[in-house]
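**Student:** Under this note's numbering, the first residue of the sequence shown is numbered 1, with each subsequent residue one higher.
Take these hints with a grain of salt, some might be off.
Per label pair, the in silico range of CB-to-CB distance [to be verified]:
id	residue 1	residue 2	range
1	Glu195	Ala290	19 to 27 angstroms
2	Gly149	Gln106	30 to 38 angstroms
3	Lys32	Ile247	34 to 42 angstroms
4	Lys25	Thr215	22 to 30 angstroms
5	Ile247	Thr215	14 to 22 angstroms
6	Arg165	Asn263	19 to 27 angstroms
7	Asp126	Val278	31 to 39 angstroms
Hints in this document: simulated from the structure, not taken from any laboratory. Quick caveat: nothing in here was measured; it's all calculated off a predicted structure. Even glycine gets a Cβ: it sits at the ideal position worked out from N, Cα and C.
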Amino acid sequence: MSQPTYVGLRIDVDTFKGTREGVPKLLQTLAKHNVEASFFFSVGPDNMGRHVWRLLKPKFLWKMLRSNAVGLYGLDILLCGTFWPGPNIGARLPHIIRQAAQPQPQGQHEIGLHAWDHHAWQAHIDKWDEQQLRRQIQLGVDALTDIIGRRPDCSAVAGWRCDERTVDIKQEFDFKYNSDCRGNALFYPLVNDGEPGTPQVPVNLPTYDEVVGQTVAESEFNDFILNQITPGQFNCYTIHAEVEGGIKADLFEQLLQDAKKRNIHFVPLGRLLELEPVLQQDSVVKAPLAGREGWVGWQQSVVAERKG
């Protein structure tokens, strides 16, 4: 048999419904298939419905139509917090977050911070000053620490909306690693003093909503993703509790089964750092990403290579 291929499995939990319904389903599925992963939780108010105003932007509207967002997420997610204050996820669902943080039959999942207010981070990071950025991270760290009884292992900003200021501010929180950008290799980001900062574990594989309906049909999605995985190289994949723990749960379970046949093993992102201890130095820059509206954080060398 060929050497195993290891793929980091990142699970973003964006919403109240994703926490309440998606996380328990994913915990069950992961245990069934003996898989450990990295969960990144949003722990403050769920105001995701306020993204409705972005429908005025043609690219965001096309993404929502292409991915059948109403069917994928449900109206309760798409309208949550639109006209009324959204529910506080961590305050109302701490038992589910704690469940994910506890030892599992197959091992231990990593628990990281995704956001305090997921919508606010995506919508307002360009407008916030450093004090506001720091406060959003601190609120999330404090809430998640109170819930699981220890500091979170790691963090991953909402929507990969990371800039140089975010990289610098996160140095203050002593995370084991961050997963804030898209890229193709583990790296140390250079911070404002020119020194290497907390390791970044970027995501290099596309998500369901970025490619289905645009690049590939849903019936071909699992093969498409597995064919993107390159043995012997860096591989990191993101799923969402609202999608793969919801209406696409069966599709995700089939992905795990198909991956096993190819000797592909999904692991927590921190495991990738253990497998590849020597990291390059790089920077995080803003750039567009096909399938998403607006900019995301990118590993600079990848952007430079594409421009070249």
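**Student:** Decide, hint by hint, whether the structure agrees.
**Tutor:** The hints, checked one at a time:
1. One distance hint, 19 to 27 angstroms for the beta-carbon pair Glu195 and Ala290, is violated here, with the actual separation near 33 angstroms.
2. Taking 30 to 38 angstroms as the suggested C-beta distance range, the pair Gly149 and Gln106 does not conform, at roughly 21 angstroms.
3. Separation of Lys32 from Ile247 is about 19 angstroms and departs from the stated range, judged on CB atoms against 34 to 42 angstroms.
4. Checked against the given bound of 22 to 30 angstroms, the beta carbons of Lys25 and Thr215, roughly 26 angstroms apart, stay inside it.
5. A beta carbon spacing of about 20 angstroms between Ile247 and Thr215 agrees with the range 14 to 22 angstroms that was offered as a hint.
6. In this structure the hint that Arg165 and Asn263 lie 19 to 27 angstroms apart at CB is violated, the actual value being about 41 angstroms.
7. A beta carbon spacing of about 34 angstroms between Asp126 and Val278 agrees with the range 31 to 39 angstroms that was offered as a hint.
Comparing the model with each numbered hint stated earlier shows that hints 1, 2, 3, 6 do not hold.
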